[in-house]
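Enquirer: These are the residues of each chain, in order.
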Amino acid sequence: MVFSSLTFLYYFLPIVLIVYIFLPNRIAVPIGKEKNLVIPARNLLILLTGFFFYAWGEPFYVVIMLFSTLIDYTAGRMMDKFDDRPKIRTVCLIVSVCMNIGLLAVFKYSDFIFDTVNSVFGTDITNPVILANRAINDIYNFGLSEDRVALPIGISFYTFQSMSYTIDLYLRKIKVQKSFIGFTSYVTLFPQIVAGPIVRYEDVAAEIEDRKVNIGKISEGIAKFSKGLAKKVLLANNIGIIWTEVKAMDYSQISAATAWLGILAFTFQIYFDFSGYSDMAVGLGKMLGFNFPKNFDHPYLSKSVSEFWRRWHITLGTWFREYVYIPLGGNRKGMAKTLRNLLIVWALTGLWHGASWNFVVWGLYYGILIIIERVGFGKILEKLPSAVSMLYTFLITVFGWVLFDTDGMGKAWQFFKAMFGAGGSFADSTAKYIFSSNILIFIICIFASTTIFGKLVAFLKKKKRLVYAYAVPAAVVCVMLLCTSYLVDSSYNPFLYFRF
Amino acid sequence: MLRKKKRLNLPNLITCIAFFGILIFMAVMTAVLPKQDFLEMENKYAEKFPKFSAKAVFNRTYMNKTESYISDHFAGRIGWIKARTVLETSLGKRERNGIYILDNRLAEKIPESDYSSVDKAIAAINKFAEGNDIPVFTMIVPTSAEIYADELPENAPNADQKEFIDYVYQNLGKSVNTIDVYQTMFSNRDDYIYYRTDHHWTTMGAYLAYAAAGKKMGYDPVPPELFDIEHAGIDFIGTFYSKTLYDGVEKDTIDFYHPNVGSRVTEVAITSDFGKEPAIYESMYFREYLDKKDKYASFLGTNVPIVDIKSDNGGGKLLVIKDSYAHCYAPFLTQHYSEITLVDMRYINMPLNKVLDMGEYDQALILYNASSFMTDTDIRKLGYGQ
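As given, the protein sequences belong to chains A and B, one line each in that order. Going by this note's numbering, the final residue of the first sequence carries number 500, and the count climbs one at a time with no gaps. Going by this note's numbering, the final residue of the second sequence carries number 386, and the count climbs one at a time with no gaps.
Honestly, the hints are just simulated from the structure, not real lab data. Please note: incorrect hints may appear among the correct ones.
Computed cross-link-like contacts, PhoX-like style, restricted to lysine-lysine with a CA-CA straight-line distance of at most 20 Å [claimed, not checked]: (1) Lys109/B <-> Lys247/A; (2) Lys432/A <-> Lys93/B; (3) Lys109/B <-> Lys432/A; (4) Lys48/B <-> Lys65/B.
The shape of chain A in the complex, shown without the other chains (with noise of 0.2 Å):
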């Protein structure tokens, strides 16, 4: 399921909502004499609701998800359990890491190598995942994939967060879960469960034994919500459009003013699609009880390309930080060895997007240009004017989506010669077409990147309250109707015998 569709809005959110809040955290059933049964109760509802939500979407591989999660709460028991025994402790740490890395190099890395090998070695080699989900389709008739690995929903999220539970117990900065249903529903809390932000543990540890929900989170929660499910249905669908029809146009034949206006319009797209997911994520994390961190803070303002990686996807930046550059001895241990850190990084935070070269080369071209900035032109770019560095950063990012979103490296060159007009023309009938009837939203776009709402809505909240108060109610009604027409239109399609 996803949030942006009418099933979850008007469905699954308002049912589960309203059964969380008249919910306590915990009822104690009497069994016996003076002996309570202390049932967690809001928890098991995540538990629940969670994995409904989850299957929905992946019936199937559901189970891997709770295979995971099921060792990763073993093992996190054991090393409590063996809390003196630095080698058991060592031993079920290693188990949980490489479970979790190992399901991701099956499900989501395994096309990817197989396809390397044959093509390094010349060989023909079918990966077994293929041939498992064939065995299984031929038995059951599930509709597995048997042509490339269908990548499990959220594995790449949810694997994450597993690994920074028992990478901190390891670590002993936080404490041991010890209910089951208390560690499942913090890996199945549907807010985040299929894209993040990436929840560490620690960032929820307390929220998990013990939440409150008011009105207050909850309408605050809902303002949230409604703002991303904004920028997602009402700016990214609709800007996304463009970068669809660009996207498939022959790039030896495009104007230099299409080839941008398409990238643009990608680079809009992207951010509102994911921000804005971000944003449901965090605001239904409010109405639950639960202080996500932020995950995007305004990345298209950034003033280097550092900064832009501190303020885009922050969670997955926090989290290669934490559990692989630092680990790996971050800058502490000379030049040479923070460069080898740094790419090492990047390689991982570009694969980590997907299994192709395109994304390798997408994050060393990221790591590579931090480099750069770290030995020196930081330090030039903070002295120029912001607007130059910001066009520059600016700049460097939607080149960086040339890369990211293109099929192939060969595709990516051929679009950026199009950029720079080997297409022929400067502006040609389709450019000015694609901008005149779509100018409107490149302006909301542009403004929506920036701080101007957020600054307006804190005068308001400061100096007229009033207006402020009842502005908040108000816009969620307008972005709920809008949202909902959107949405309901996705589905308009009339078959209509066009031809005929």
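Chain A is already provided as a structure; the job is to place chain B on it using the hints.
Expert: Coordinates of chain B only, in the frame set by chain A:
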């Protein structure tokens, strides 16, 4: 420590009530309102609520169908979609779902074609004409997007249909007689020759083309004053309307042209399925469709493989390979032919001479609109068995 009880914050309460109010109200309305089996505006059957089974769950059809069910039956579905159209057009957008919104007309967005599928159609027509010993005519009719191209939004992508028709005509061999109606349509563009809300030409548009084709095909067209024009269907909203749900365009009228002298139709035989006996009707006009949404179907019904029209005229027999533009065109031809057979190539999957006795026909006409001809992949079947 004593905690002061917080005063209830009214705006927060309003936010919660409004949010949950909308969600619950729409969810309940969707659940309780009567369900329609057929979505007329979209010309499709609404999704039925899926049956639960382990297999349906594991291959996800259960979830997909549930989601389709909810959106197909969502309370006020058409109203929600119209709201989006109203919003976007009032913000200046002139395009919706592949349809351009002109001042008082909707027109199809036809992207530039690379002519790749057209070459196969051309080759098949040439082969067909060479393989059959009768005169073969081809008429490709421009659509409203071409005739009113100057009213489209500025710089809007729009295939050049005139250039396209010229390309086809130049590449058709000598054995094919081409009938160019571009000028006919263009010079009458101020008249009501295309529907404003539908992709077809009007009966008047068809009449003009019929009159223009007479010289080449060898008949004297019936002059316009000899027709009684019946405004048979009013408030017709066609396929373009369904795609946009834009209410800013005047609704259409369906006209029937009844010749007050001349030949009468004696039998209309409709073959919907091969191997079955055709259904026999007395008239070319199916008036029951005039009360439904798809009023254009009152001309010879919906698309079927073969329609055979006999009249008391003493003329020859005509074979028409066609798209639905022919449906309001064929009635005029009954004044000059004793029998007209309309063939829809989409449903013909064997050589045409296996389906029809080709020796019976005196002429053949291939009649398509430029938009459908451009993307068609069925005309090439004409080449089979030639």
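Enquirer: All hints are to be evaluated individually against the structure, with a verdict given for each.
Expert: Tested hints:
1. In summary, the hint linking lysine 109/B to lysine 247/A is supported, as the alpha carbons are separated by about 19 Å, within the 20 Å threshold.
2. Note on lysine 432/A and lysine 93/B: the hinted pairing holds, with a Cα-Cα distance of about 14 Å set against a maximum of 20 Å.
3. Pair hint lysine 109/B plus lysine 432/A holds up; C-alpha atoms about 16 Å apart against a cutoff of 20 Å.
4. Of the pairs offered as hints, the one joining lysine 48/B and lysine 65/B holds, with about 8 Å between alpha carbons and a cut-off of 20 Å not exceeded.
Checked against the numbered hints above, the structure breaks none of them.
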